[in-house]
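Keeping their order, the protein sequence lines are chains A and B. Residues 1 to 118 (the numbering used here) make up the first sequence, in order. Residues 1001 to 1544 (the numbering used here) make up the second sequence, in order.
Each hint should be verified, as a subset may be incorrect.
[Unchecked claim] Some chain B residues near chain A, calculated using beta-carbon distances under 10 Å: (1) Ala1308; (2) Gly1326; (3) Arg1364; (4) His1371; (5) Thr1372.
Keep in mind the hints are simulated off the structure, nothing from the lab. What you are looking at is a predicted structure, and each value in this text was computed from that prediction instead of being measured. No residue lacks a Cβ here, since even glycine has one placed at the ideal position from N, Cα and C.
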Amino acid sequence: MRAEWLLSGLASGRVTTTYPRQREQELSRRRWNSVPTMNGPCSDTACRECSKVCPTEAITRVEAQRDAALRLDVGACIACGRCVDRCPEGVFSWAEAIDRAEVRKERFISTMEGGADQ
Amino acid sequence: MMQPRLAETLPWQGWRMHTRRDDVQDMIALVAQALASDDTELLYYGFASGDGEDSGAELARELVAVTMDRTQREVVWRFGRCDADPREKSPQAYFSSPVSTPQSGMKVYPEKSPQAYFSSRLLALQSGMKVCPEFPSLASQYPGALWIEREMWEKTGYTPVGHPDLRPILHPEKFLPDPVARGSGTFHLPLGPVRADVTESGFFLFDTIGEQIMHMQPQLFYKHRDMEKLAVGMTAEDALLLAERISGTSTAAHATAFCRAAEQALGYRPSLQNERERMLFGEMERLYNHVHDFSQLASATGMTVAQAQFARAKEELLRLNAEVTGSRYLRGAVRLGRSASVDWERGTERLTAELPAIDRRVRRFLRLLLHTPTFIDRLRPTGIVEREWAKSYGVVGPVARACGLAVDARSDCLRHLYESTGHACMTAEDAFGDALSRFRVRVREWDISLHIVLELLPSLGTSTLVETELSQARGKGIGVAESPRGRVCHVLFCDNGKVVAWGIRAASAWNWPVFGLAAANGNIQTDFPIIDASFGLSYAGLDR
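Let the hints inform the model, and build the full structure from the sequences given.
What follows is the structure in structure tokens.
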């Protein structure tokens, strides 16, 4: 019995995989829920679909700034994917990186206005 | 591969649903009477935990018990109203029930000495606290309700009269269990709430004599999130996200049970495709959970090669989950009233390509384990759950099946869905109720689950994304699913399309109370990790 365990342990060899830093490196599936990212500015100033469907209020419209300004707090996101599925403008998509770390919580917040990501 | 011949049926099709409203005394008596039969099981018991306005406030005083009779194929909802203020009946009632102030959240518990008890009552009366109503305890006749009634009592202040063990359960930071064994040679060993590994928080108080465990009391609810209340006022679709997060390792089961309840409450007609997908996700979940349990058990018995191999298989299964659904823990896969956004052509291809290889490896190491005397010796008489306990505590899942009880939601209330997938309820042959029986049940279930997955896959070729409209805005629903740990049940009350009250009974809620008994009787301290691993309980499932 002991020999069998020894052999079976040795026979399976060493299994290592690279850490999947990029989504498609390890998993071929395109839609792998990580966190969303904003591709560009939103041109529809009246649409509030994204902030309406977001269950954790991670997406908000910044009214004080320019009309189309969008604010995305990845720290509050639960990766449900509703914004990716439902935005009629296609502003949101899954981020390439599968994980993200920041030193300060505020850095998870990004805003998008007039075409520039700040 | 054989084409599946799935019956064209949906959950609860062919079942009768009854709703009965009785006086609370009669209601408890009727439930206890029904539970005395072998074929009846308690699906849900508790207050409808909503405190919203309108119907929510009405429901908050309503005691709900849902029982299922599997031979008659009927589900009975029993409601009992608890609004009689004992003060109206007799002034004596001031001194026979606990006092609480639901507004401030502060509660006064009866003290042990009569003087302290009396003065606390007087104090409460002077400060205008309200005397809470009572209801007869079901736990005095059905031990499965012990923890549930303690929780109900603490949350609402309503007293279960005749409860044999009425102690606070929800606030471990204030009340911890007291040791019960006294005398020379006894030793009290507290363990937790901070535990090794990634185990969730739980506190265990061991009363020991030498190596023997005389008594063990688990204390949970360290991470009580009160999810049932969080969902009040949400739309069913948003509450589904909460349901998925009740317990990470039973995501698909909770989401399925919730969706089935919500669909019944809101009048959605799920398509057969939806149900097939949910069944498939449920089995994929069972596969990775069971292989995790094998790994934990191998680790507890020092079988390092097996532990590493099963851990590897689990990781492969998790990655497979991610490839198919987009989430390692199957989040977002089960959707309300519509099918999953999964490319089934590709999913089928991946699953049929990868699963057989994983299966071969898992089987090989399972066979090796079952032929290793040191492993079998550690499991054989360890952590015995007597058949009688399992029955009276309403134990579910592999723990119940290891005692020879055929308790499996897939074969009792969901049989019409599962019967053509080749599912069979796997009870242990020896029905010894120990760690080895539980291990063997899981081994046999691994085969069955794999078979169901491969059987279901060809029927999922076409993905329909047709959303069905809800047909009613108000109603109640009950949803049942078999998680890897046993039956998960959700009760949902909706009004205006929003959640008014929600009740969750995870598998672990039924199994935790019996865990202390299994750990104590005749076991030694070093058996504890094995008993723990063989039960495979979820802390979050009970805490919710």
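Problem set entry | Violated constraints from the hint list, given by number and in increasing order | none
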